Amino acid sequence: MLKKIIGYDASSLPPTKQELLQQIKRTLYICNVWCNAHLASPTEKTLENYGWTIIDGKYEYYWFDGPQSPTFDELSSDFQAAHDDNNGNDSCQEDNVSSEEESSDEMDED
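In our numbering, the protein residues as written are 1 to 110.
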């Protein structure tokens, strides 16, 4: 298990909702620039509202709002919810298996 974690490429993880929001804002800004490129005086929008921030006089990506990682309570509640969902699905699968067995038994009787 530890080898899988150590060799795991974190870049394949999807972005968090907060990071995705900032990426979408940057995409909207760039789309606005391209859509208005043919105008003599295109509308000017402030970059700070579209996923960028000024650091040392340069524009940098604004990655997300809030904490960088979820709290332990959030992780444990997500784990508990996923565990509860799996327990609910197991009973449904057991019902399906038993109904399939019953139908196969009926076919054998014919």
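Each hint should be verified, as a subset may be incorrect.
Said to hold, decoys possible - Okay, derived cross-link-like pairs now, DSS-like style, lysine-lysine, Cα gap no bigger than 30 Å in a straight line:
#1 25 to 45
#2 58 to 25
#3 17 to 58
#4 17 to 45
#5 45 to 58
What the hints assert, rightly or not - With beta-carbon atoms standing in for the labels, derived distance ranges:
#6 55 to 18: 15 to 25 Å
#7 41 to 6: 50 to 60 Å
#8 84 to 6: 48 to 58 Å
Hints were generated in silico from the structure; no laboratory data involved.
Only a predicted model underlies this, so the values are computations on that prediction, with no experimental measurement involved.
For glycine and all other residues, C-beta sits at the position ideal for the given N, C-alpha and C.
What are the numbers of the hints that this structure violates, sorted from low to high? 8
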